[in-house]
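Participant: The chain contents come next:
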Amino acid sequence: MLDHIDVRVRGAAVTGLIGPSGCGKTTLMRAIIGTQRITSGTALVLDRPAGDPTLRGEVGYASQEASVYDDLTVAQNIRYFAGAVGAPTTDIDRVIDQVDLRDVTDRLTGRLSGGQRSRVSLAVAMLGSPRLLVLDEPTVGLDPVLREDLWSLFARLTAEGTTLLVSSHVMQEAERCEDLLLLRNGRVLTQDAPSALMLRTGTHSMDAAFLRLISEEAAA
Amino acid sequence: MNPTVTLGTATRVLTQLRHDPRTIALLVLVPSALLIMLRYVFNSATVFSRVAPALLGFFPFLLMFLVTSITMLRERSSGTLERLLTTRMAKLDLLIGYALAFALVAVLQVALAVAVSIWLGLDLGGAVWALVLIALLDAVLGVALGLLASAFARTEFQALQFMPVVVLPQLLVCGLFEPRGDMADVLRWFSNVMPLSYAVESLQQVANLPSLDATYLRGALVLAGSVLAALGLAAATLRRRTA
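Residue numbers (this note's numbering), protein chains in the order written: chain B, 1 to 220; chain U, 1001 to 1243.
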């Protein structure tokens, strides 16, 4: 799936993992959280090998499809996972407010909209204030206002010292990241800050920059 | 392991069930309904008294196996299992939590089925509690095997088909249809290693004799041991890291 990945993710910043569907974003994320078996090479997370038992609780993960119980209410979901993570009970209210789900805490998660369900999943990932948050397409299906809210939340989290790795296949979102990893066919095309990338490719949008990089690679 | 987390899991599973009253009704009522039916299939309290004890062990075993294997499979396919395995939670916190939650449902199920059977004319030589205990252990064995079987199914459709594979052969050789001693050697050996055979022996012993003997005790111990073994194997199938 993935080949020749040699990258270092900046601490206390949002790194965007950008690339088309099927390019290996999820596999790379799962390797980092330690659920994906790595056949060769190493992944170090917070200076320890990925999947190390001491990392449990320090790494939060939200998969692309919301991994929560549809037949529990929002509050019941978050309360249960808080216990599993070992997060303080004060975290329950904190994360509900952070993802703006206060109004639907007593609704069954399965009855919520797709965007709301994925925010329940995101809230669960933030329980216990992990130092590294790995979020697979957290903004899919959100309206522009909510998307904006989430990006401000990500900025606040990094200001507090949290490291975020956020995947997306939407190029406009890439501009919100401090650093970018462009992935294609299981390989890293490039790693750079969005502005530097546009400057380097002489383009004015991330879409154009990505296309330019692909054609450069094909020519090389 | 952490008792708070284990109990948290049990509470969570029960809360999920509470949101699904139809499933609770089916779980609690179906064994009793089948026993009532059976009583009038035979149309004789004497024959009913002979087969009911074994079936009081079998129905909870069957239903709990089905419900648990599908619930656990959902846990796997929805991604919640993977998520739990990235936390500090111990695998047994999850499995024992499940076993506790369904055991509680089984208490209701078995209590009602035993009460209905006695009302239908089950002539019990021994103590009611001794019958209930074996039926409960059977239910918990169903839970433990269901948790284990879910590891080998990719879809709910497949999980359902493990029922005839895991449960029905045990029913055929447990001694209900034919004394185990009269079976072909191979089947007798097979029945000797199947936990349900021992459950049926214990249940028949409670039904026929006023006091508990070594056969009863052996059955209870075999069931408890099988539950622990199945839970241990199920824990081994939960992988924190997959390909």
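To be clear, the hints were calculated from the coordinates, so they are not data collected in a lab. Among the hints, erroneous ones may be present.
[To be verified] Taking lysine to any residue and the SDA-like style, the derived pairs with C-alpha atoms no more than 25 Å apart in a straight line are:
{"no.": "1", "chain 1": "U", "residue 1": "Lys-1091", "chain 2": "B", "residue 2": "Pro-49"}
{"no.": "2", "chain 1": "U", "residue 1": "Lys-1091", "chain 2": "B", "residue 2": "Pro-88"}
{"no.": "3", "chain 1": "U", "residue 1": "Lys-1091", "chain 2": "B", "residue 2": "Asp-91"}
[As the list claims (entries may be wrong)] Ranges of calculated distance between the beta carbons of each label pair, as one might list FRET restraints:
{"no.": "4", "chain 1": "B", "residue 1": "Val-7", "chain 2": "U", "residue 2": "Asn-1192", "range": "52 to 60 Å"}
{"no.": "5", "chain 1": "B", "residue 1": "Thr-89", "chain 2": "U", "residue 2": "Thr-1237", "range": "49 to 57 Å"}
{"no.": "6", "chain 1": "B", "residue 1": "Asp-52", "chain 2": "U", "residue 2": "Gly-1181", "range": "34 to 42 Å"}
{"no.": "7", "chain 1": "U", "residue 1": "Gln-1158", "chain 2": "B", "residue 2": "Glu-58", "range": "30 to 38 Å"}
{"no.": "8", "chain 1": "B", "residue 1": "Asp-6", "chain 2": "U", "residue 2": "Ala-1243", "range": "15 to 23 Å"}
{"no.": "9", "chain 1": "U", "residue 1": "His-1019", "chain 2": "B", "residue 2": "Gly-22", "range": "55 to 63 Å"}
{"no.": "10", "chain 1": "U", "residue 1": "Ala-1236", "chain 2": "B", "residue 2": "Arg-212", "range": "47 to 55 Å"}
Where is the CB? At the ideal position from N, CA and C, for every residue including glycine.
Participant: Hints first: check each against the structure and report whether it holds.
Facilitator: Hints and how they fare:
1. Distance hint between U:Lys-1091 and B:Pro-49 is fulfilled; the C-alpha atoms sit about 21 Å from each other, no more than 25 Å.
2. Distance hint between U:Lys-1091 and B:Pro-88 is fulfilled; the C-alpha atoms sit about 21 Å from each other, no more than 25 Å.
3. Under the criterion of a C-alpha separation no larger than 25 Å, the hint pairing U:Lys-1091 with B:Asp-91 is consistent with the structure, at around 24 Å.
4. Separated by about 58 Å at the C-beta atoms, B:Val-7 and U:Asn-1192 satisfy the suggested range of 52 to 60 Å.
5. Between B:Thr-89 and U:Thr-1237 the Cβ separation comes to about 32 Å, which falls outside the hinted range of 49 to 57 Å.
6. For B:Asp-52 and U:Gly-1181, the Cβ-Cβ distance of about 55 Å falls outside the hinted range of 34 to 42 Å, so the restraint is violated.
7. At roughly 36 Å, the beta-carbon separation of U:Gln-1158 and B:Glu-58 lies within the given 30 to 38 Å, and the hint holds.
8. One distance hint, 15 to 23 Å for the beta-carbon pair B:Asp-6 and U:Ala-1243, holds here, with the actual separation near 22 Å.
9. About 36 Å separates the C-beta atoms of U:His-1019 and B:Gly-22, a value inconsistent with the hinted range of 55 to 63 Å.
10. A hinted range of 47 to 55 Å for the beta carbons of U:Ala-1236 and B:Arg-212 is consistent with their spacing of about 50 Å.
Of the hints listed earlier, those the structure fails to meet are numbers 5, 6, 9, in rising order.
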